[in-house]
Amino acid sequence: MNNGPSSEDVLKDLTSSEYKYGFTTDIETDIIPKGLNEDVVRLISAKKQEPDWMLQFRLDAYRYWRQQPVPQWGHVKVDPIDYDNISFYAAPRKKATVGDVDPEIIKTFDKLGIPLHERDMLLGKTSGAELSAVETSSTMAVDAIVDSASQKTTYRDKLAELGIIFCSFGEAVREYPDLVRKYLGKVVPVRDNYYSALNSAVFSDGSFVYIPKGVRCPMELASYFRINSSGTGQFERTLIIADEEAYVSYLEGCTAPMRDENQLHAAVVEIYVHERAEVKYSTVQNWYPGDKLGKGGVYNLVTKRALCAGDFSKVSWTQVETGSAITWKYPSCVLRGDNSQGEFYSVAVTNNYQEADTGTKMIHIGRNTRSRIISKGISAGHSQNSYRGMVKVLPGADGVRNYTQCDSLLLSKTCGAHTFPIMDIQNPTAIIEHEATTSKINEDQLFYCQQRGIKEEDAVSLIVGGYAKEVVQKLPMEFAVEAQKLLSLSIENSVG
Amino acid sequence: MSSHQQYIDLFNSQRALIDEHAAPVLNAQREAAAEVLQRVGLSRPKDYTHVDPEALLAADYSLNLSRYAVPTDHSDLFTCAVPELSTSVHYLVNEQLVSHSRESDDGVFSGSLREFALRYPEIAARYYNRLAMHDEAPYDVRTQGTNVTAHRPLGEAALNALLCQDGFVLYVPDGIVVERPIQLISLLRAVEDFMACQRILIILGEGAKASVLICDHASQLRDCALLSLQVAEIFCAPYSSLDFYELEEHHSDCRRLSSVYVEQQEGSNVSVGQYALTAGHTRNRVFIDLCGHDADTHLYGLCIADQNQEVDNITYIRHRAPKCHSDELFKYVLDDEARGSFVGRILVQEGADKTDAHQTDRNLILTPQCHIVARPELEIYADDVKCSHGASTGQLDPAALFYMRTRGIPEAEARLLLMFAFMGDVIDGIRIDPLKDRLKHLVEKRFRGELTQCRTCAIKK
Amino acid sequence: MSLLEIHNLHASAAGKEILRGIDLTINPGEVHAVMGPNGAGKSTLSAILTGNPQYEVTQGEILYKGRNLLEMKPEERAWEGLFLSFQYPVEIPGVSMVNFMRTAVNAQREYRGLPALTATEFLRMMREKRAVVQLDNKLANRSVNEGFSGGEKKRNEIFQMAMLEPTLSILDETDSGLDVDALRIVSEGVNRLKSAERSSIVITHYQKLLEYVQPQFVHIVYRGRIVKSGGPELGDRIFAEGFDWVKQEFEG
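Protein chains in written order, with the numbering used here: chain A, 3 to 498; chain B, 2 to 462; chain C, 537 to 788.
By construction, these hints were calculated from the structure, which means they are not laboratory data.
Quantities reported herein were computed from a predicted structural model and do not represent experimental measurements.
All C-beta atoms in this analysis are idealised placements derived from N, C-alpha and C, irrespective of residue type, glycine included.
Take these hints with a grain of salt, some might be off.
Claimed, not checked - To give an idea of the interface, some chain B residues facing chain A are shown, with a C-beta separation under 7 Å as derived from the structure:
| hint | residue |
| --- | --- |
| 1 | 388 |
| 2 | 392 |
| 3 | 394 |
| 4 | 397 |
| 5 | 399 |
Work out the full structure: start from the sequences and follow the hints.
Shown next, in the form of structure tokens:
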């Protein structure tokens, strides 16, 4: 193929920028000694000035976690995690009061494209062409979290006028203890699994959202997670409550510096949805994936679950997973309210030695509940990419409908693409459909592009973009642009 | 005590008796079988299956280790419902072959495993137990423990090797085509709780061709539990072709633990069918290894279950060589309180390029007491492949039902026609035409509740 | 005695009221055309008459041969001679036309106390009736409506009508999507079944079919009611002027 030298240069530029969020910020950090025991749990609770019930919640979780074996299932190879070699609390020190943020952190978030000043902003401020396409973007409120602590939450006052609470989890525990206590652990119980128990014991911060009855949140709410310190893990906790007939769209983004060690991220997200309320939860996960040889990278072991508690409630999960050495997450929906709906849209890209085992659970309890699952896996390099999912229909759930489509695209001879669904059905009125395909990139499409003078690499990028489009277009526009770029970057050098 | 321990104890105390009535080739495997059984134990119904081998084998079944002849009268034997096939028929009662082994001039042997192993010990030793117990080489350690115990030798297969004394062999030398289908009528017959450990061994030489139909029946003279612990090992040399169909017409007190292992070399072509017309507690496993390029395999299964019956099908097709093709189709109709599971994995090994593999599972459940689980799985380590699976569970099409009623077809009859139509493509996969017709007839009778074994059941709502 | 009497019929589907008080009487030997704009309730009327479980009668009554039709199961209505030529015939994969039709014919015979037809008798009957609508033999061996073209499906409906010899047949837009030749074949099929005892309801948008089957009565359905009834001249006016004048008259 006859590529001009200039385009090769461009390509080189792109490839050398592999993981552009890999820098560290030099900030003074308050970090506690490594290791995990009851005293550490007490210390975290004390640092956060928590009430006693919160401490008891943590201790309970810790004691349970300590007795549990490490889960062995999943098509991933997690090296044993040495919990004695992780610091469970690290927070930038200069932070005196809320709103007084270290300028270094402001700079960090600027570099990540997340301004922490309140003005119209965009994620993915990287390409002029794309910027103009989304210039009309709406306002977004951001909760910025570095390591264990929330740094700043923007637009709080404006949201408060509507009765919307959007703040760090730590503040919520102090300022809205009744709400937190009422909902914490109700969707993801402490004892749900090994990592949720761990998170419940040591979680340090995260976002809290409450949308009151009948309120449609006028702007996107976003949390931005950043692991900065070395030798730490991040254990954030997010709790979103949508009261009757409320609506919110919530976004989450994540990055971490490049490090040789494997860093642990074990988050819990709980969403509680009341009657006729709707929550959209979008994730662009771009934790450091490790280097080309599989060294380093984040272990992303998270539990995300939504409870559609009320009739006609709705939850939609959208995720674009490009980062992390290991991804182990199954954003799920418990459809308890009659006529409630759950959706899961996912693109997971793995390259080099990344391993992703991700999917969803749709638990149909209420009558006429609906769920839809669209999963697109893209595997390259030596990576392993699995969809794991469950659709369960309980005996009383009449009139259930589920549609699942799982497609896997293989970009190399050395990667793996797997599909492990379970359909467990105990009601004769259910209509459950699952379809899955696995194939390599369509050679006719590739040839057609190349015949039109498009370089192979670009053609693959185009085709993969088209393949993922059905999911990416579910994201809010600001995220969609970023996600599309991430997809292209993630599969770079994966052809041939 | 785990169930398997009693069998190991039995073996240790009765070893001389067992060996005395069996061929040395079989006896040579027992030590290893005991070791495997001790190590892996019997399967438990985890992974969302229903039938519990560990529990089923806990009962105190009698065994016929001394090989007492089973009193049988051929004429009373069979009213097997697959006549007009002009087959070469063999009769297996409990695990004993009561018909005579046959050996043709061109070297085709069909008959008793015991006789075959005594007469041709080298051939028997080359094949016996090679697939059933020694599959211990997973392709990727990460997959261990993620699913069915497919990567480990099965406790049930080991138990079969531990106690097995006889069974059925079909040996077809290179280039020989066996024209008439071979029918093995296998009857369980006892007056007390009884367990039969039979082994099926099928060896097809290069370019050989044969069809085998096994009809499983049971006859209880008293109220007792019958368990069939069957292992079939099938070897298909390059460019051979085999049809292997099993028709189960047991009843509610029967337990069936069956494992079928197929090894296919290049260019071989195999059609396997597992038809559970009436079952009690049935767990069918089918493992197919496509070891040579351009091998072609078709796997079909149907299950019609009602009352308290449970049927698990666990299938595992491994594409280990390039350019192989596999096609799999299973269908279930469950009524009353029946339970069913379909766990089907397709694995494509690194280097198995141009693989073409497809799997479909479709289920109908008729009452709120039924329980169906579907686990179709794809595990793929090669890039140039076309693989897909589809699974669905639903009801009869209400529009079709109404259309038929407006033409005057009573609702019950309309349902029956639709259920029968639902099973149509599974039956159409059968490559023996008279069997296809016969099975259509049997399925219809089954839905009408007219099969002799199950007058009381009524999937015809 | 009238064959069919509909009094103040109200009906809904999925909670939405579609019929709002239909009155209609049909005597033996009569052909009635039912016309009206899309969504007026014409197909709902045919669904109610045949007992489609997706529709609910909320008020009113229907007498068929003096019996309460609404109490009868769909198949019983068929045995009593009620036939619907579906607007969208249903595909039933895996069920052959022969098996389907034989089951239907013999169920009707059983209801009427007649012995079941032998295979030979039945196949002879199939052959004769197939000729009526010039339906290809190979279609008869396929699954019900599966893979049939639009025209073939409609001809198949009329073929089934010929087989079942109904007393009251409802042709629900049987002419839509048919080319001129197919329309002629279908119409001739319908006309051949005409007699002094048999009646028909013809739901249509087109003039051509009415020219062939020549209804004595024409009804206009609008917003769930029959808003105008008349002779063939009413049909002619609709074809000439459309429905707007009816709507205006009704609303004004």
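Tested hints:
1. Annotation: interface hint on residue 388/B holds; nearest CB of chain A at approximately 4 Å, less than 7 Å.
2. The criterion of a C-beta within 7 Å of any C-beta in chain A is met by residue 392/B, whose closest approach is roughly 5 Å, and the hint holds.
3. Evaluation of the residue 394/B hint against chain A yields a held restraint, the C-beta minimum of about 5 Å falling below 7 Å.
4. For residue 397/B, the suggested interface contact is broken, since its CB lies about 10 Å from the closest CB of chain A, more than 7 Å.
5. Checking residue 399/B against chain A: minimum C-beta separation of about 11 Å lies over 7 Å; hint violated.
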